[in-house]
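**Student:** Sequence:
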Amino acid sequence: MPDPSKFWDRFANRYARTPVADEASYRRKLEITREYLRPDMAVLEFGCGTGSTAIAHAPYVKHIEAIDISAKMIAIAEGKARAAGVANVSFRQGSIDDFDAPEESHDAIFGLSILHLLEDRDAVIAKVHRMLRPGGVFVSSSACLGETMRWFRVIAPVGRALGLLPLVRFFTKGELTDSLTGVGFAIDRQWQPGQGKAVFIVAKKA
Numbered sequence: 010m011p012d013p014s015k016f017w018d019r020f021a022n023r024y025a026r027t028p029v030a031d032e033a034s035y036r037r038k039l040e041i042t043r044e045y046l047r048p049d050m051a052v053l054e055f056g057c058g059t060g061s062t063a064i065a066h067a068p069y070v071k072h073i074e075a076i077d078i079s080a081k082m083i084a085i086a087e088g089k090a091r092a093a094g095v096a097n098v099s100f101r102q103g104s105i106d107d108f109d110a111p112e113e114s115h116d117a118i119f120g121l122s123i124l125h126l127l128e129d130r131d132a133v134i135a136k137v138h139r140m141l142r143p144g145g146v147f148v149s150s151s152a153c154l155g156e157t158m159r160w161f162r163v164i165a166p167v168g169r170a171l172g173l174l175p176l177v178r179f180f181t182k183g184e185l186t187d188s189l190t191g192v193g194f195a196i197d198r199q200w201q202p203g204q205g206k207a208v209f210i211v212a213k214k215a
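In the numbering used here, the protein residues as written are 10 to 215.
What the hints contain is simulated information worked out from the structure, not anything from laboratory work. A few of these clues could be false.
[As the list claims (entries may be wrong)] Here are the simulated lysine-lysine pairs, BS3-like style, with alpha carbons at most 30 Å apart:
1) Lys136 / Lys89
2) Lys15 / Lys136
3) Lys81 / Lys206
4) Lys182 / Lys136
5) Lys182 / Lys206
Between the sequences and the hints, there should be enough to build the whole structure, so can you do that?
**Tutor:** Here is the structure:
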């Protein structure tokens, strides 16, 4: 199968130019997330894309390490951070699968618009749980495509084989919450702006 980083490298410039589809919902998710942030926090964001969310949250925490598999996405993110004068976000190319961090080393981890693009969602959720300190939060926003766009199941594998689409996994909102609670998370907040919209979840480690 094609290297997923190459797909996102090709898409990076267009992704950076594309406006947020639902700006009001995005702003609300930022507001909810900030209720959990503190100035002393060490944060990880995986699948950070072009860095907008990490940069937006930077003033509220001590440091954010933000990773993405696309080198071009990271280059754009670094340029945004410089332009905004943000110095407490470290961007680097990498995947959550290969990310190496001690257990209980982070206060918050963000995985936004990424869980449905992972090879093994459950393994990543378990890894996130291990990396979080007790009381830490995992903030995610996920397209639960198992409930909508069933027709997409047919074309997604073909599109991926041709290099036209990334890997896409299909799961429901219930399956996602089961994955989170199954490793020991408690669902602290759950919000879906509307039918077919991404499900926003703040899961807390006991």
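**Student:** Quick one, are lysine 182 and lysine 206 close enough, alpha carbons at most 30 Å?
**Tutor:** holds (11 Å)
**Student:** Does the structure keep lysine 81 and lysine 206 at a Cα separation of 30 Å or less?
**Tutor:** Roughly 27 Å separates the two Cα atoms, so the pair holds.
**Student:** Could you grab the alpha-carbon distance between lysine 182 and lysine 136 and see if it respects the 30 Å cut-off?
**Tutor:** holds (20 Å)
**Student:** Assess, step by step, whether the Cα of lysine 15 is no farther than 30 Å from the Cα of lysine 136, and give holds or violated.
**Tutor:** Judged against 30 Å, a Cα distance of about 25 Å means the pair holds.
**Student:** Holds or violated: lysine 136 with lysine 89, Cα cutoff 30 Å?
**Tutor:** Roughly 29 Å separates the two Cα atoms, so the pair holds.
Going through the hint list in order, the structure satisfies each hint without exception.
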